[in-house]
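Each chain, letter by letter, is given below.
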Amino acid sequence: MGKQVDILQGTLDMLILKAVSLGPLHGYGILLRIQQISKDALQIPQGSLYPAMYRLEHRGWIAAEWGESENKRKAKYYRLTAVGRRQLKSERQEWKRLAAAIGDVLSAEPEGV
Amino acid sequence: MLAQLRSWWRALTGQSRLAGEMTSEMDGHMERYAADLVAGGMAPEEARRRARIEFGSTAGAAEECREAVGLRWPNEIARDLSYAVRVLRKSPTFTAAAVATLALCIGANTAIFSVVDAVLLRPLPYPQPDRLFSVARHFRGKGSESYQTNLWGSAWEAVRDNATYLDSAVFSDGSMGVNFVAGGGVEYVKQQRVSAGFFRVLGIAPQIGREFSVEEDRKGGAPVTVLSYALWKRVFRGDPSIVGQAVALRGEPHTIVGVLPASFQSIVPADLWTPLRPSRSGEGEGSNYAIVSRLRSGATWARANGQMEAIGAPLMRQYAQDPSTRLQLISFQRGLTVDLRQPLLILWAAVGLVLLIGCVNIAGLLLARAAGRTREMATRMALGSGRGALIRQMLAESVVLGLCGGAAGALLGWLGVKALKVMTPASLNVWQAVELDWRVLGATACVSIAAGILFGLYPALAASRLEIRAALGEAGRAVAGGRNPWPRRLLVASEVALGVVLLVGAGLLIRTFAHLSGLNPGFDAHNVITAELSLQDARYSTTQSVDRLYEQSLARMRELPGVESAAVALSLPYERALNTGFQRLDGRHVDTESQITNMFYITPEFFRVLRIPLLRGRAFTAADSSTSAPAAIVSEAFVKMYMQGDDPIGRHLDFGGGEKRAIVGVVGDIQQKSGWGDGSPTAAMPDIYIPATQVEDKFISLVHTWFSPSWIVRSSGPSKGTISGMQRALESVDPQLPFAGFHSMEDVRYRALAQERFQAVLLGAMAGLALLLAAVGIYGLIANSVAERTRELGIRLALGATVPQAIRTVALPGVALALAGVMAGSVLAAFATQLLRRLVWGVRPGDPVTFVAVGIGLLGVAAAASFLPALRVVRLNPAETLRQE
Chain Y
605 MGKQVDILQG
615 TLDMLILKAV
625 SLGPLHGYGI
635 LLRIQQISKD
645 ALQIPQGSLY
655 PAMYRLEHRG
665 WIAAEWGESE
675 NKRKAKYYRL
685 TAVGRRQLKS
695 ERQEWKRLAA
705 AIGDVLSAEP
715 EGV
Chain E
189 MLAQLRSWWR
199 ALTGQSRLAG
209 EMTSEMDGHM
219 ERYAADLVAG
229 GMAPEEARRR
239 ARIEFGSTAG
249 AAEECREAVG
259 LRWPNEIARD
269 LSYAVRVLRK
279 SPTFTAAAVA
289 TLALCIGANT
299 AIFSVVDAVL
309 LRPLPYPQPD
319 RLFSVARHFR
329 GKGSESYQTN
339 LWGSAWEAVR
349 DNATYLDSAV
359 FSDGSMGVNF
369 VAGGGVEYVK
379 QQRVSAGFFR
389 VLGIAPQIGR
399 EFSVEEDRKG
409 GAPVTVLSYA
419 LWKRVFRGDP
429 SIVGQAVALR
439 GEPHTIVGVL
449 PASFQSIVPA
459 DLWTPLRPSR
469 SGEGEGSNYA
479 IVSRLRSGAT
489 WARANGQMEA
499 IGAPLMRQYA
509 QDPSTRLQLI
519 SFQRGLTVDL
529 RQPLLILWAA
539 VGLVLLIGCV
549 NIAGLLLARA
559 AGRTREMATR
569 MALGSGRGAL
579 IRQMLAESVV
589 LGLCGGAAGA
599 LLGWLGVKAL
609 KVMTPASLNV
619 WQAVELDWRV
629 LGATACVSIA
639 AGILFGLYPA
649 LAASRLEIRA
659 ALGEAGRAVA
669 GGRNPWPRRL
679 LVASEVALGV
689 VLLVGAGLLI
699 RTFAHLSGLN
709 PGFDAHNVIT
719 AELSLQDARY
729 STTQSVDRLY
739 EQSLARMREL
749 PGVESAAVAL
759 SLPYERALNT
769 GFQRLDGRHV
779 DTESQITNMF
789 YITPEFFRVL
799 RIPLLRGRAF
809 TAADSSTSAP
819 AAIVSEAFVK
829 MYMQGDDPIG
839 RHLDFGGGEK
849 RAIVGVVGDI
859 QQKSGWGDGS
869 PTAAMPDIYI
879 PATQVEDKFI
889 SLVHTWFSPS
899 WIVRSSGPSK
909 GTISGMQRAL
919 ESVDPQLPFA
929 GFHSMEDVRY
939 RALAQERFQA
949 VLLGAMAGLA
959 LLLAAVGIYG
969 LIANSVAERT
979 RELGIRLALG
989 ATVPQAIRTV
999 ALPGVALALA
1009 GVMAGSVLAA
1019 FATQLLRRLV
1029 WGVRPGDPVT
1039 FVAVGIGLLG
1049 VAAAASFLPA
1059 LRVVRLNPAE
1069 TLRQE
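As given, the protein sequences belong to chains Y and E, one line each in that order. Count along the first sequence from 1, then add 604; that gives the number in the working numbering. Count along the second sequence from 1, then add 188; that gives the number in the working numbering.
Misleading hints may appear alongside valid ones.
Stretch by stretch, here's where chain E covers chain Y in the computed footprint (C-beta under 8 Å, at least three residues) [unchecked claim]: (1) 645–652; (2) 693–706.
Reference listing, derived: stretches of chain E covered by chain Y, where coverage requires no fewer than 3 residues with Cβ under 8 Å from a Cβ of chain Y [to be verified]: (3) 204–214; (4) 237–245.
Across the chosen pairs, the derived CB separations fall in these ranges [to be verified]: (5) E/Gly244 with Y/Arg677: 39 to 45 Å; (6) E/Glu251 with Y/Glu669: 42 to 48 Å; (7) E/Ala227 with Y/Pro628: 19 to 25 Å; (8) Y/Asp708 with E/Ala223: 42 to 48 Å; (9) Y/Arg677 with E/Arg561: 49 to 55 Å; (10) E/Ala284 with Y/Glu669: 30 to 36 Å; (11) Y/Pro628 with E/Pro449: 42 to 48 Å; (12) Y/Asp708 with E/Ser573: 23 to 29 Å; (13) Y/Glu669 with E/Ala227: 26 to 32 Å; (14) Y/Ser652 with E/Leu571: 25 to 31 Å.
Simulated from the structure, these hints should not be mistaken for laboratory data. Virtual Cβ for every residue (Gly too), placed ideally from N, Cα, C.
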């Protein structure tokens, strides 16, 4: 396990949207998916995952359905809605712009200022 | 946005389901994590512990989830409400006083609103009721306007032929009792006469059969009838083959052509309907018809009304009406309620006013209470509670009070509706039942919440505006003059002012009722029984047959034990009498145009039975027969109106037949429903009496379609046998004639003033309630000020003030406020009573006696309410009071 970073405020929503965009997942599955994609680099407090998911569901970006999980237990599965897909797209662009801008700032040469 | 609302609603309505789901979702999460840890080689016990620790607080997460779906403020409101209930339970006296006040006020509103709703607001129970209209004459007087929906035959023909935007029908707006013979039994049933197309216009299709055709609705058309569902079920046990069968109605065979559906609600109580056969002659000469019209599809009210005004212009000129009178289309519901609308709206306003006074009163109580809670509020603010939260909390308390009061009020309202049903004039309970239904309850709930906010808002705002340090430093003790007393004083004064308005209004109506019931009836109602009977009967279409019936039945009734005298008259005192035109032929006044008078035919003993004094000339005797000279007896009021300065005896009158009728006597006046003239509920009207033997055949059959003649019997004392004896006497003459019900003359008199009594009693009750509330308000204000000023009063007494001086100091503000309230209220009342102008008789709306009596009475009550709590000063021990500090 490499060094873990705390995720930025507000980015958790985007990560959850991204995680469920690849296919329906239950809450624990979303956690695993994010850890897996980020190669365990991102540290997500498990308890904070749920309020974020409820908020996204309340906004209509993800939809939930009760289904049966791999070990025959009932589980609530989340999937991306059409609205959520648009939201994810715009958030991704926003994020890229922000990251590029911050990257530019950080990579500026001292004499250039 | 919509999705969000839906999700919020789902969450709100399914809070326990939501909680269950969240728990099971989070538990599942931890189990899976633990299972993964176990798979990684950890001991199961340790794995579960780790999973729980890493997840963190599930309760905290769940709370955040709830917040995420917008459940924060509903939860806070629930918390506020439950706190409010706790607080209110801790001060039961205050809560009981407030809830009782509200219960009375809201109860009164609920009861009156149920009547207003049934009569004025709820749409008529017919399809598309908003397209149904009445054709009405619109009168515009000085500052007032009124409608009349009764019209004459040629007006109907003009509307029928020219109002192309309307589908119209005509009807007789009352129902009459008639005799109905079917299956060997005879029954007295209620009949309404309506034209062809009446049910089509209302939008009602008969359940079986059809309604009247145009041919049947003409003079000489086939005799037919349509039955109500209830009559069909009761008499024919719902036999569907009844259509086409004959029944004897009014002594004539009538063919049943249809039965109305069970759901049909008639505009007047009726068991069956017969064709009206409208015409220009006979009853069509007078205003005896009412028109109902349905807008044809595509037509608008504006166009139809414009057309109606054009149709009406020549008609109104022709009838020499007031030139401003116009023919207009008003909603059918409005047309059916022209006489009820204003009294009901006034009552409604009165109960609204009482509720307002109640709210003002509770606001005063809350202000006083808030003074005692300053420390609680300050402490909560010091602990970080926002002002908004405090206001919300206090509003929650007043809304809880409002809802409790509303619930108790609904209960009282339910009782009130029952009471109203007993005492309402029959006209209030017509096409829909007056009842406490969901509409009324919904209105009550809204009123309760609104009242809670109304009386709670100002005290909440005032209480939350405080200086924390000062309030806490005060150590819970109010300093004399430390709090601004004016808001509460203003509330009390306005309460008194509103009370004045109600009391003056009630006073005027009570004086009206006293005036009307104090009018000399003109007859002796003691031990007199009457019964009416429909003679709308083919077997009694001639004067001769009617007179034989009268003579024989009266002779048998006179033989009954205890019976002194017996007579028949076309109508009774206190009832509406027949109006008829006449011309004076000789003496000082000779007419070229018709004059109007009330007219009765009577049998000879009429004046003896009712003990109406004969003032001059002679009464009728058996000698006044169909062959003797036509005779008439007139009333004193008739002489006053038409024979001023002339000797009435021997003068001749003409009733349109060209026959000279000589006046042979003058009798005292009796009270009657006026119907014309000034429109007073009862008055001594000009009357003409003629012998029943001298009435024309044509006249007999015409007036018997409107009036059921009354048998009147005087006994020497109260005797139970009279009623059954009268019934038997009639049966022995004609077994097919049933009496419609027996009444004592006292009953008839009582019923005549039903509406005035109803108004006086209800408004009186409201005003009494207002007076009580105002007294309670003043009492509370003074009692509170005594409590607040205990220390100051102690010092004053210690410094040598006498007890009476101290009492005056405390009590006088109460009297002064009441005085201010009375003055302001009198000005308000002077305007408000103008609304009562048409309900007030024998007294002017600005009646000084009423105003002064109300002012003095209120001041007296206010003085009592001020000095009573001030007397506590007597028990004050200065030394002790000062030591308490």
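So, going through the hints one by one against the coordinates:
Coverage of a stretch by a chain is defined here by at least three residues with a beta carbon nearer than 8 Å to that chain's beta carbons; for the region 645–652 of chain Y and chain E the count is 4, and the condition holds. Requiring three or more residues with a Cβ within less than 8 Å of a Cβ of chain E, the coverage given for the region 693–706 of chain Y is violated, as only 0 such residues are present. Check result for the region 204–214 of chain E against chain Y: holds, 5 residues qualifying (beta carbon to beta carbon below 8 Å, three or more required). As drawn, the region 237–245 of chain E meets chain Y at 4 residues by the rule of a beta-carbon pair under 8 Å; at three or more, the given contact holds.
Checked against the hint of 39 to 45 Å, the C-beta distance between glycine 244 of chain E and arginine 677 of chain Y comes to roughly 22 Å, which is inconsistent with it. Checking the proposed 42 to 48 Å range against glutamate 251 of chain E and glutamate 669 of chain Y shows it is violated: the Cβ atoms sit about 24 Å from each other. In this structure, alanine 227 of chain E and proline 628 of chain Y meet the distance hint of 19 to 25 Å, their C-beta atoms being roughly 23 Å apart. A hinted range of 42 to 48 Å for the beta carbons of aspartate 708 of chain Y and alanine 223 of chain E is consistent with their spacing of about 46 Å.
A hinted range of 49 to 55 Å for the beta carbons of arginine 677 of chain Y and arginine 561 of chain E is consistent with their spacing of about 53 Å. Between alanine 284 of chain E and glutamate 669 of chain Y the beta carbons are some 53 Å apart, a value that contradicts the proposed interval 30 to 36 Å. Range check, proline 628 of chain Y to proline 449 of chain E: Cβ separation about 57 Å, and the 42 to 48 Å hint is violated. Remark: the range hint 23 to 29 Å for aspartate 708 of chain Y to serine 573 of chain E is contradicted by a beta-carbon distance near 48 Å.
Between glutamate 669 of chain Y and alanine 227 of chain E the C-beta distance comes to about 27 Å, which sits within the given range of 26 to 32 Å. Separation of serine 652 of chain Y from leucine 571 of chain E is about 29 Å and conforms to the stated range, judged on CB atoms against 25 to 31 Å.
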